[in-house]
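Sequence lines, in order, name chains A and B.
Here the first sequence is numbered in the working numbering, starting from 1 and rising by one per residue.
Here the second sequence is numbered in the working numbering, starting from 1 and rising by one per residue.
Hints are supplied without guarantee of correctness; some may be wrong.
Said to hold, decoys possible - Here are the simulated lysine-lysine pairs, DSS-like style, with alpha carbons at most 27 angstroms apart:
(1) A:42 x B:71
(2) A:57 x B:49
(3) A:66 x A:42
(4) B:37 x B:99
(5) A:14 x B:71
(6) A:42 x A:57
(7) B:69 x B:49
(8) B:37 x B:68
(9) B:49 x A:42
(10) B:99 x B:71
(11) A:66 x B:68
(12) B:49 x B:99
(13) B:99 x A:14
(14) B:68 x B:99
(15) A:57 x B:69
(16) B:49 x B:71
(17) B:99 x B:69
Read the hints as simulated data drawn from the structure, not as lab findings.
The residues making up each chain are set out below.
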Amino acid sequence: GALVYQYPRRTICKSGTSMRMECQAVGFQATSVAWYRQSPQKTFELIALSTVNSAIKYEQNFTQEKFPISHPNLSFSSMTVLNAYLEDRGLYLCGARGDWGDQNTLYFGAGTRLSVL
Amino acid sequence: GEQVEQRPPHLSVREGDSAVITCTYTDPNSYYFFWYKQEPGASLQLLMKVFSSTEINEGQGFTVLLNKKDKRLSLNLTAAHPGDSAAYFCAVRSGNTGKLIFGLGTTLQVQP
């Protein structure tokens with residue numbers, strides 16, 4: 001079967017520093033990868049959607065300058081949180097869809113939980 | 001932009017009772033609908049997805065109803081048990097943008 005792996009599962013960074021998280025699709029080719037953030041006591045906000053052979057589309061409250069994303073091939077994506085502050089803490093989810101299963105369903109990883117000191 | 005409203009934000013029921021969570025959405029071109037469960041400290045677990053215009057899907061201990069005419073999606077836990085205590089999120093895939101948009105979530109507590 002297909003799986004989406006995210007790492008690290010948990011991370012802590014100092015305020016003002018940066019943190020990179022990774023997403024790996026195993027068993028299928030991830031033509032689209034979506035990154036979401038769940039801030040404490042909130043729902044899942046879409047940060048950006050990356051589709052192979054297209055530009056990465058960021059949502060209104062998120063920018064490439066703050067959350068640069070790389071999607072170099074059909075099995076891997078990474079996102080960095082630059083200059084992390086308290087409001088950046090939360091659970092970051094990677095969802096991927098592609099050539100496995102239902103192509104309209106995003107398959108989510110277990111998430112990277114970011115704490116900021 | 002597209003919006004998804006989820007009600008209620010908090011729900012407390014006794015074991016054996018039913019629990020109903022409802023989402024309404026604004027984009028008439030939405031075409032895929034999902035329910036996710038998130039246990040404390042955990043990630044999202046896909047409960048069910050529905051596609052058809054009016055559809056009732058039954059899972060293990062729950063029923064999902066989609067009414068596209070009313071732009072309404074509901075999750076009905078038929079006989080809740082303490083293991084069902086979690087946060088539940090609906091998600092709607094927009095026909096206009098292809099984005100998956102989540103509701104604000106419902107925190108369900110099932111009292112023994």
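Do the hints match the structure? See the list:
1. A:42 x B:71: Within the cut-off at roughly 23 angstroms; holds.
2. A:57 x B:49: OK: residue 57 (chain A) and residue 49 (chain B) at ~25 angstroms, within 27 angstroms.
3. A:66 x A:42: 20 angstroms, holds
4. B:37 x B:99: Judged against 27 angstroms, a Cα distance of about 19 angstroms means the pair holds.
5. A:14 x B:71: 44 angstroms, violated
6. A:42 x A:57: At roughly 22 angstroms apart (the allowed maximum being 27 angstroms), residue 57 (chain A) and residue 42 (chain A) satisfy the hint.
7. B:69 x B:49: 18 angstroms, holds
8. B:37 x B:68: Within the cut-off at roughly 22 angstroms; holds.
9. B:49 x A:42: Answer holds: residue 49 (chain B) to residue 42 (chain A) is near 22 angstroms, not above 27 angstroms.
10. B:99 x B:71: It holds: about 17 angstroms lies between the C-alpha atoms, which stays within 27 angstroms.
11. A:66 x B:68: 38 angstroms, violated
12. B:49 x B:99: Holds, at about 15 angstroms.
13. B:99 x A:14: 32 angstroms, violated
14. B:68 x B:99: 18 angstroms, holds
15. A:57 x B:69: Answer violated: residue 57 (chain A) to residue 69 (chain B) is near 30 angstroms, above 27 angstroms.
16. B:49 x B:71: Given pair residue 49 (chain B), residue 71 (chain B) holds - Cα atoms ~15 angstroms apart, limit 27 angstroms.
17. B:99 x B:69: 21 angstroms, holds
In the structure shown, a violation is registered for the earlier hints numbered 5, 11, 13 and 15, in ascending order.
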